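Go ahead and model the full structure; you've got the sequences and the hints to work with.
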Amino acid sequence: MCHPNATHPVIECSQISKVYRTSYTVLRKRGVRALHNLSFSVSRGNIVGLIGPNGAGKSTLLGIAAGLIRPTSGHMRVCGHSPRSIVAKRELGYMPESPHFLSLYSASGILRYHASLRGMGRREAYDEAAELLGELDLTDVADRPSYAMSHGMRQRLALGVALVGNPSLLILDEPSNGLDPVGIVRLRQLLTKLAEDGKTILVSSHRLGELEKLTSQYIFLHRGRRIDIQHSVLARETIQLRIGLLRQASINAHALSDRFPGCRITDDELTIRVKCVGEVPPIVRALANEGIAITSVTTAVDSLEDVFVRVCEEGGDS
Amino acid sequence: MKGFELLKETFLRKSYLPVIHLIVFAIYLLLYVPANLPVEWGRLLFVCSGLLLPLVLTQGIFGDDIASGRIRVLVTKPLQTGELYLWRLLGVSVQWIGHALCGATIILVLHAVTNKGKLDNFALWCLCSGILYATFASLSMTVSICVTGGRNFMVLVFGIVLLGTISVLAGPHPTYASDSLVAIIKHVFPPVQLLFQLANSKTPLPGHIAVRVLHGGILIGAYTLIGTVLLHTREFAHRES
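So the sequence lines, in the order shown, correspond to chains A and B. The first sequence maps to residues 0 to 317 in numbering that gives the first Met the number 0. The second sequence maps to residues 0 to 240 in numbering that gives the first Met the number 0.
Read the hints as simulated data drawn from the structure, not as lab findings. Keep in mind the model is a prediction, meaning the values are calculated, not measured. Every residue, glycine too, gets a C-beta built ideally from N, C-alpha and C. Incorrect hints may appear among the rest.
Partial pick of chain A residues on the chain B-facing surface, computed with a CB cut under 10 Å [claimed, not checked]: (1) R29; (2) R32; (3) I68; (4) R111.
If you anchor each label on the Cβ, the simulated ranges turn out as follows [as the list claims (entries may be wrong)]: (5) A66/B with A129/A: 30 to 38 Å; (6) P173/B with Y146/A: 47 to 55 Å; (7) P17/B with H150/A: 50 to 58 Å; (8) E130/A with V210/B: 39 to 47 Å; (9) G148/B with Y146/A: 12 to 20 Å; (10) G158/B with T71/A: 56 to 64 Å; (11) V210/B with R69/A: 40 to 48 Å; (12) E130/A with S14/B: 27 to 35 Å; (13) R69/A with V167/B: 41 to 49 Å; (14) A236/B with G151/A: 53 to 61 Å; (15) G148/B with S40/A: 37 to 45 Å; (16) R69/A with P17/B: 35 to 43 Å; (17) A236/B with G118/A: 24 to 32 Å; (18) T71/A with P17/B: 41 to 49 Å.
Residues of chain A placed beyond 10 Å of chain B at every Cβ, according to the derived structure [to be verified]: (19) S58; (20) T59; (21) H113; (22) R117; (23) M119; (24) G120; (25) D126; (26) K192; (27) E195; (28) D257; (29) I291; (30) T297.
Now the structure itself:
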């Protein structure tokens with residue numbers, strides 16, 4: 000059991016590699032490498048975002064953590080146990096990317112079904128279903144069969160299925176898929192509350208702006224490897240310094256390009272990337288001393304999305 | 000509660016399953032309509048409930064879940080994989096018991112009222128139907144773990160056609176190879192012909208019945224074991240988005 004005072008991390012991943020072998024790749028004595036020597040750990044009560052481009056190995060990693068896939072090498076521990084063990088599964092709530100439900104079951108029936116699979120009695124399962132339906136704003140459609148639900152409702156129901164039995168670890172694959180803006184805000188509030196209650200959440204999402212509002216801890220995967228964005232991209236120029244220029248000003252663009260490699264110059268703006276805000280005043284002062292007429296100075300920190308795009312463009316070399 | 004939900008699921012997993020039961024009952028009823036129909040009711044029950052019913056009721060029983068990805072949620076629940084397999088096998092078996100009871104009641108009541116058809120060895124036909132059903136169901140479930148969607152149905156139909164074709168082709172001029180092949184298929188496939196012969200004989204010996212029951216039991220056990228191991232060891236990967 001993942002005790003609140005337990006000292007071990009909720010997820011402990013050590014040197015995990017995964018190679019998929021199909022009949023074709025077996026014949027050619029090679030496989031598709033999805034993960035390569037991946038190590039990380041997640042402590043209790045944290046929300047960790049799993050990000051990366053398509054084919055980066057996110058779903059494979061979630062699958063290994065949920066006990067659906069076996070790693071080729073290395074080991075994963077969930078609450079100190081193998082993810083395929085019953086003990087670990089008691090602590091786990093899993094939400095797949097594309098949830099599917101039996102069409103004849105109602106929303107309430109689906110939650111009761113999953114509650115009973117967790118060993119709850121009839122009364123307990125009813126109470127659990129009612130509570131989760133309320134929490135996920137699905138009470139009005141409690142008796143509606145799953146095939147008659149909207150995509151957003153099904154998504155919320157899938158989250159409810161993951162929450163059945165109050166697991167201490169939630170593994171969520173694209174939970175905000177198909178949710179409307181209000182639904183997304185509510186999802187964020189719910190996940191934040193769950194983390195405050197001590198639940199650990201590993202969430203994969205392509206909605207980076209949304210993920211950024213939810214957490215500041217990420218695992219960035221690229222081609223099966225973890226990229227430490229804190230020490231690679233973030234340590235480089237992640238602040239955009241935008242200097243407004245007077246249109247009539249005579250600017251030697253060539254000289255500026257030599258001085259600030261990678262800068263962008265238009266008729267009325269110069270954009271330079273800097274590592275920290277402290278670098279801004281000397282640059283502005285130097286430009287003013289050179290007689291360049293400056294109309295405005297603004298700075299903007301790169302969003303997670305900007306970082307993501309830059310890392311992907313650079314091919315993940317950190 | 001867990002067992003009840005898993006049993007219930009085998010009946011409600013597809014909307015047409017209750018309709019299948021009703022269609023078979025309707026066949027029993029309709030066959031009483033023509034006058035002087037020389038039907039042996041036990042034989043009909045054997046074909047309908049022992050041979051056809053398991054193929055339909057277990058179609059895609061795991062394969063549908065694997066194809067839709069629903070299995071990924073099921074196997075993350077604190078359930079032993081063997082437990083999942085056995086509850087489902089029990090679920091489809093309970094369906095057969097209910098079906099056979101209703102079907103037999105319809106046949107016996109209408110026979111008593113109309114006196115049409117024959118009821119020779121009816122209890123033995125019921126027993127053979129049950130063995131055949133359970134063997135086919137367990138084989139179909141195991142095949143369903145290996146082939147996604149409802150294609151386990153096609154695999155079993157192909158097996159039946161293959162067995163029939165080899166038997167017919169090898170019939171006039173049996174060779175060692177064809178005999179061996181038929182013997183292998185007969186022993187690993189649900190014992191349709193053997194059970195048919197058993198229920199068809201006028202005075203079957205108790206020893207013969209016991210051997211057939213044992214044979215069916217061994218096959219059910221073997222398929223269940225293979226299915227459980229396959230379900231436990233199989234990975235449920237998902238394509239990267």
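Checked hints:
| no. | hint | in the structure |
| --- | --- | --- |
| 1 | R29 | violated (18 Å) |
| 2 | R32 | violated (13 Å) |
| 3 | I68 | holds (5 Å) |
| 4 | R111 | holds (8 Å) |
| 5 | A66/B with A129/A: 30 to 38 Å | holds (32 Å) |
| 6 | P173/B with Y146/A: 47 to 55 Å | holds (53 Å) |
| 7 | P17/B with H150/A: 50 to 58 Å | violated (28 Å) |
| 8 | E130/A with V210/B: 39 to 47 Å | violated (56 Å) |
| 9 | G148/B with Y146/A: 12 to 20 Å | holds (18 Å) |
| 10 | G158/B with T71/A: 56 to 64 Å | violated (35 Å) |
| 11 | V210/B with R69/A: 40 to 48 Å | holds (41 Å) |
| 12 | E130/A with S14/B: 27 to 35 Å | holds (29 Å) |
| 13 | R69/A with V167/B: 41 to 49 Å | holds (45 Å) |
| 14 | A236/B with G151/A: 53 to 61 Å | violated (27 Å) |
| 15 | G148/B with S40/A: 37 to 45 Å | holds (39 Å) |
| 16 | R69/A with P17/B: 35 to 43 Å | holds (39 Å) |
| 17 | A236/B with G118/A: 24 to 32 Å | holds (28 Å) |
| 18 | T71/A with P17/B: 41 to 49 Å | holds (45 Å) |
| 19 | S58 | violated (5 Å) |
| 20 | T59 | violated (7 Å) |
| 21 | H113 | violated (7 Å) |
| 22 | R117 | violated (6 Å) |
| 23 | M119 | violated (7 Å) |
| 24 | G120 | violated (6 Å) |
| 25 | D126 | holds (13 Å) |
| 26 | K192 | holds (23 Å) |
| 27 | E195 | holds (24 Å) |
| 28 | D257 | holds (42 Å) |
| 29 | I291 | holds (47 Å) |
| 30 | T297 | holds (36 Å) |
Hint compliance for this structure: hints 1, 2, 7, 8, 10, 14, 19, 20, 21, 22, 23 and 24 are not met, and every other hint is.
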